[in-house]
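Chains as they are written, first to last, in our numbering: chain A, 177 to 521; chain B, 177 to 521.
Treat each hint with caution, since some may be false.
Because identical chains share one entry, a pair is satisfied inside a single copy or across any pair of copies.
To be verified - Distance condition first, Cα-Cα at most 25 angstroms in a straight line; then the derived SDA-like pairs of lysine to any residue:
id, residue 1, residue 2
1, LYS194, VAL443
2, LYS499, GLY326
3, LYS473, VAL259
4, LYS473, LEU306
5, LYS194, ARG487
6, LYS294, PRO238
7, LYS389, TYR240
8, LYS324, TYR240
Rather than coming from a laboratory, the hints here were simulated on the basis of the structure.
Okay, here's what each chain looks like letter by letter:
There are 2 protein chains.
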Amino acid sequence: MTQTSETNRRIVLASRPKGAPSPEDFRLEQAPVPTPKSGEVLLRSVYLSLDPYMRGRMSDAPSYAAPVEIDAVMVGATVSRVVASEHPDYAEGDWVLAYSGWQDYALSDGTGLTPLGKAPTNPSYTLGILGMPGFTAYMGLLDIGKPKAGETLVVAAATGPVGATVGQIGKIKGCRVVGVAGGAEKCRHAVEVQGFDACIDHYADDFAEQLAKACPQGIDIYFENVGGKVFDAVLPLLNTAARIPVCGLISYYNATSLPEGPDRTAVLMRNILTKRLTIKGFIIFDDYGHRYNEFAKDMTEWLSAGKIQYREQIVDGLENAPKAFMGLLEGKNFGKLVIRVGADS
Amino acid sequence: MTQTSETNRRIVLASRPKGAPSPEDFRLEQAPVPTPKSGEVLLRSVYLSLDPYMRGRMSDAPSYAAPVEIDAVMVGATVSRVVASEHPDYAEGDWVLAYSGWQDYALSDGTGLTPLGKAPTNPSYTLGILGMPGFTAYMGLLDIGKPKAGETLVVAAATGPVGATVGQIGKIKGCRVVGVAGGAEKCRHAVEVQGFDACIDHYADDFAEQLAKACPQGIDIYFENVGGKVFDAVLPLLNTAARIPVCGLISYYNATSLPEGPDRTAVLMRNILTKRLTIKGFIIFDDYGHRYNEFAKDMTEWLSAGKIQYREQIVDGLENAPKAFMGLLEGKNFGKLVIRVGADS
């Protein structure tokens, strides 16, 4: 079932998942393609970004953003093309970065659209290395992590779009960079392609010991995007005055209950006190939206100079989004996960 | 048993406490008064500061400072007078801020001494409002807490030397200040004398509900110096982008085991992420020693203008230090706890 000009396929939230999402939590629907009114554009999705934060939107627990309503289209960033325009700033065929969600077509009055021009190079990069994940990596590492040459930086999800970027910026800044990833293939990629100094497989039985060996000088920055056992292994290795930017906690997203005791909150608090740690959560566009241009300039330069390697995993077909997303939450993706929703021409 | 010129009474660490310290963990000894060599001064303790951090020094668990050795004199800041000087910068009768520990006499080569002149006003204030606790309050609140007018600041141990100062600086900066203290008398003092907007008794059965009611706009800054149930009650009330300076965790200091489960570390981390919290531990002289003059200037002005009220609890007699210290860890003190070791003349 492919994208057509007659129908708007859309994937809605059918039910709120208990634990890991299942196929029944999503429903593929067909709807008419909408017609733009004056001041609106009709957008056709070419690429849809799948990101861990979407798991939070499927729940109605309090969070930093409103949940997706039941029967509403799943949210998400898209790279789209203008099909018809009643808006003075956009013409048919223009590429835009939009937030159309998991569907073929969407209307927009221009709010939140970023023009990408008539013929962008690698338009899907604006969903990853040049978009939210890359920007998250850049600001979290540089503004909160404050890397100094010679320091040790540990980053989990080392081949994901955020982790891969964090580590490579860390190398540019002169850090020893130790990644954590799931499986030998990803770890090899982190070292051989991304240039990390080491990468530890979190599936290894002696993961914590291996991590300690890879960080003989301790850890000065831990870029937190997973939580759980990786954080447990990192905590005793943190140096005095270490910094921990927190942009995600993917290992908790599908949890339905807290782990068994004892309650180790006091362990974390004691470490914060005695090691004078800084732990800071951030939501990229809320905290740093005004600094996007600074990021875009640096990242564009690094990409064209070959200093940053970027890997995408492109999955064809909107109908495959739920399965791909469920795999993302289990660490099955390898690189930035993007759904190719429709043709790029 | 009072201070004499013949004997150096000293209190040493007899054993490492398991849980709360007991009288047997301390031993009062008599030793000869030492004689200064060339380049040294002999100091006589007038006031000894008792502070919660000393509990950490009694344990040999890893921390930010080395533990007191068994049979060694308990550490601590003192206000002392020079009895005899073989040091060119000091003369008999001079007052100094020193780190002589729990004893009548100590030698110093001048390292770490702060001259207080010939006739200081309120010399014991340099152990409290004008010393480490006041400085901790000042930098933690202003540099990490970053208070803005109209924000809500919550501070525990509200009549202790740190908490009382934090709250009063918060009022100077235009915050709504809500204290937490143990018992009605302390709470009344926080509101009536220190000018807090409210103060909640943490012994109340409905403590968490009362705290929530006292913070109708949520909490923007929580100055953390106790941990435990106060922190548990604060966490759900924290606003987006709230700041938590961490300078102490007194409720954990006597703990011998972690609380029962579940392990709520993930709850804290999720709050850090979704509310974009900043949590930062600090050790005042390590992090901010270079900014002491800035603090001293402001605090001296505030004190002389009557903008900061300061309460001391002075206990007579070095031999009473262990009991007073054990009470401090249980919240029995009311104001800055100082031992008057000897006469001030």
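Here's how the hints hold up against the structure:
1. LYS194 to VAL443: Cα proximity of LYS194 and VAL443: across copies only (18 angstroms, versus 29 angstroms in one copy).
2. LYS499 to GLY326: neither (41 angstroms within a copy, 48 angstroms between copies)
3. LYS473 to VAL259: For LYS473 and VAL259, neither the intra-copy (30 angstroms) nor the inter-copy (66 angstroms) Cα distance is at most 25 angstroms.
4. LYS473 to LEU306: Result: close within a single copy only, 10 angstroms intra versus 48 angstroms inter.
5. LYS194 to ARG487: neither (31 angstroms within a copy, 54 angstroms between copies)
6. LYS294 to PRO238: Neither. Shortest intra-copy (40 angstroms) and inter-copy (60 angstroms) distances fail the 25 angstroms Cα cut-off.
7. LYS389 to TYR240: between (37 angstroms within a copy, 23 angstroms between copies)
8. LYS324 to TYR240: between (31 angstroms within a copy, 22 angstroms between copies)
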